[in-house]
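Enquirer: Here is what each chain is made of, one letter per residue.
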Amino acid sequence: MIVVKDLVKRFGELTVLNGVSEHFKKGECVCIIGPSGSGKSTFLRCLNLLETPTSGEILFDGVSMTDQKTDINRMRQKMGMVFQHFNLFPNMTILNNITLAPVRTGLMDKAKAEQEAMSLLQRVGLADKAKNYPAQLSGGQKQRIAIVRALAMHPEVMLFDEPTSALDPEMVGEVLDVMKALAMEGMTMLVVTHEMGFAREVSNRVLFLDEGNIVEQGEPHNLFYNPQSDRLKSFLAKVL
Amino acid sequence: MVSSLEQYTAWKALMVAGEPTTAWQKFYVQFYQAFIENDRWQQYINGVGTTLLVTLLALLLGIALGIIVAVVRTAHDQQRPGHRNPVLSVLNAILKVYVTVIRGTPMMVQLMIMGFVIFASSRNYVMVGALTLGINSGAYTAEIIRGGLMSVDAGQMEAGRSLGLNYADTMRFIIVPQAIKAILPALGNEFIVLLKDTSLISVIGGKELLYAARGVVSRTYEAMYPYVGTAIIYLLLVMLFTWLLGIFERRLRASDRR
Ligand SMILES: Nc1ncnc2c1ncn2[C@@H]1O[C@H](COP(=O)(O)OP(=O)(O)O)[C@@H](O)[C@H]1O
Ligand SMILES: [Mg+2]
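Residue numbers (my numbering), protein chains in the order written: chain A, 1 to 240; chain B, 1001 to 1258.
Incorrect hints may have been included.
[As the list claims (entries may be wrong)] Label-pair restraints from in silico Cβ distances:
hint : chain 1 : residue 1 : chain 2 : residue 2 : range
1    : B       : N1085     : A       : K5        : 24 to 32 angstroms
2    : A       : Q136      : B       : Y1227     : 49 to 57 angstroms
3    : B       : E1249     : A       : P169      : 32 to 40 angstroms
4    : A       : D177      : B       : R1084     : 43 to 51 angstroms
5    : B       : A1154     : A       : D128      : 39 to 47 angstroms
6    : A       : L14       : B       : M1108     : 46 to 54 angstroms
7    : A       : D109      : B       : S1121     : 22 to 30 angstroms
8    : A       : G62       : B       : R1084     : 36 to 44 angstroms
9    : A       : M1        : B       : D1153     : 54 to 62 angstroms
10   : A       : P169      : B       : R1103     : 45 to 53 angstroms
11   : B       : I1094     : A       : R74       : 29 to 37 angstroms
12   : A       : A181      : B       : I1094     : 22 to 30 angstroms
[As the list claims (entries may be wrong)] In silico lysine-lysine, BS3-like type, Cα no more than 30 angstroms apart, as pairs:
hint : chain 1 : residue 1 : chain 2 : residue 2
13   : A       : K131      : B       : K1196
14   : A       : K110      : B       : K1181
15   : A       : K129      : B       : K1181
In short, the hints are calculated from the structure, not lab data. Cβ coordinates follow ideal geometry from the N, Cα and C atoms, glycine included.
For reference, chain A alone in the conformation it holds in the complex (with noise of 0.2 angstroms):
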């Protein structure tokens, strides 16, 4: 489904991904950990090209990603992406932050969008805020409703960066419960995340990232309890 060759990105001097090769298969669940700086998040946002890579090629479902002639913004409407800090739209209620994109874009009118949009509401539990704006929640609503917004739009695949690395402890669970029963579904994820947990128990694969390249990569239990590399090993030592 998305095909990465070879990719560099360098900010000036600084190189932060290093010829990063890779294939995603449809319907996996593929978590990305990493010390912090080694070019996880940069690796997420160059596959929708929120960051032009510097060299390299991003095939998704078969269409160039960084070819001149492809619209990207009707690539991007297939690849939801979830920030760490949320990053909803404090002028709007949440309903309308949800149904923007799908009327803008044309996928459905505001009656059809609204009502698909109250229904994800539901399934997530916040059908109650629809009337709201994003100041008036706690920060695993506002990642949930994150959620909602994202896949408003019908995405073919998710990219979570860090979705829960500015939340509050005891507001972890929520959203990563919303993600699991995502991956359960068959959707395609993309996760950056510290939760070891999450990784071990719902992602299909494990890439472990470091200086900007894929260091290692495997089946969760095999890379958690079986790792290969000294600097996975040390990573491990310090997360676990």
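With chain A's structure known, arrange chain B with the ligands on it following the hints.
Expert: Showing chain B with the ligands alone in chain A's frame:
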């Protein structure tokens, strides 16, 4: 019972003749001729009307120009590398020159050039004044608006674009509404600066408040009351608008906590 006009005429005659007069009589005469004789107060009132009209027109023009400049310059700066739009680059260069020239020359000189060179044949001094002030204000307002757009968290643009919204829609529905809220205090301040700067258009013949005062001075040969009176009127106007803006801002902040 002596009418105020008779009283004024009598005391004025004393003063002209060089007779000794009391402070009260002096005040009475000078105040009377500055504001009341020949219904001069109407000239001040008309002047205030023109002042407010020019301020409003200049503000609207300034905001319109400011939005154009700010959006073009921001859009230019936010282009993805490798996706440079040549039209945008040309526009950006032109607008940069505009901002540099306006901010780099005195308003008085700009007024002189507009009034006596570019529109030398125009009799509509008020409109020329409003136009000049608006063009001037636009360069400053552009920076205010640009600052407002940049003050919106970058994550907002990213969230909008990651949903597949295009640049224009993201600006229109997400960034601009948040930016407007952030810059309203600064725009209010620009309004007050403009209100005071309208006094400059009297040099090209714009019949605003200071022009009225100068007219009175040239007829009565007495400067204190017309000019101090003008200062007091400006001060009252500025205090009034500052107060109104304060109420407006408090309302806005209250709506933030909804
Ligand atoms: N826009 C940027 N400009 C310059 N440097 C950046 C930018 N974004 C990220 N970096 C740098 O790239 C490196 C990797 O960042 P990031 O991908 O956010 O790491 P991670 O998400 O793994 O913590 C860091 O050193 C960071 O400072
Ligand atoms: Mg990160």
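Enquirer: Against this structure, judge whether each hint is valid.
Expert: Hint check:
{"no.": "1", "hint": "B:N1085 <-> A:K5: 24 to 32 angstroms", "in the structure": "holds, 28 angstroms"}
{"no.": "2", "hint": "A:Q136 <-> B:Y1227: 49 to 57 angstroms", "in the structure": "holds, 54 angstroms"}
{"no.": "3", "hint": "B:E1249 <-> A:P169: 32 to 40 angstroms", "in the structure": "holds, 38 angstroms"}
{"no.": "4", "hint": "A:D177 <-> B:R1084: 43 to 51 angstroms", "in the structure": "holds, 45 angstroms"}
{"no.": "5", "hint": "B:A1154 <-> A:D128: 39 to 47 angstroms", "in the structure": "violated, 31 angstroms"}
{"no.": "6", "hint": "A:L14 <-> B:M1108: 46 to 54 angstroms", "in the structure": "holds, 50 angstroms"}
{"no.": "7", "hint": "A:D109 <-> B:S1121: 22 to 30 angstroms", "in the structure": "violated, 56 angstroms"}
{"no.": "8", "hint": "A:G62 <-> B:R1084: 36 to 44 angstroms", "in the structure": "violated, 28 angstroms"}
{"no.": "9", "hint": "A:M1 <-> B:D1153: 54 to 62 angstroms", "in the structure": "violated, 31 angstroms"}
{"no.": "10", "hint": "A:P169 <-> B:R1103: 45 to 53 angstroms", "in the structure": "holds, 51 angstroms"}
{"no.": "11", "hint": "B:I1094 <-> A:R74: 29 to 37 angstroms", "in the structure": "holds, 33 angstroms"}
{"no.": "12", "hint": "A:A181 <-> B:I1094: 22 to 30 angstroms", "in the structure": "violated, 54 angstroms"}
{"no.": "13", "hint": "A:K131 <-> B:K1196", "in the structure": "violated, 44 angstroms"}
{"no.": "14", "hint": "A:K110 <-> B:K1181", "in the structure": "holds, 26 angstroms"}
{"no.": "15", "hint": "A:K129 <-> B:K1181", "in the structure": "holds, 24 angstroms"}
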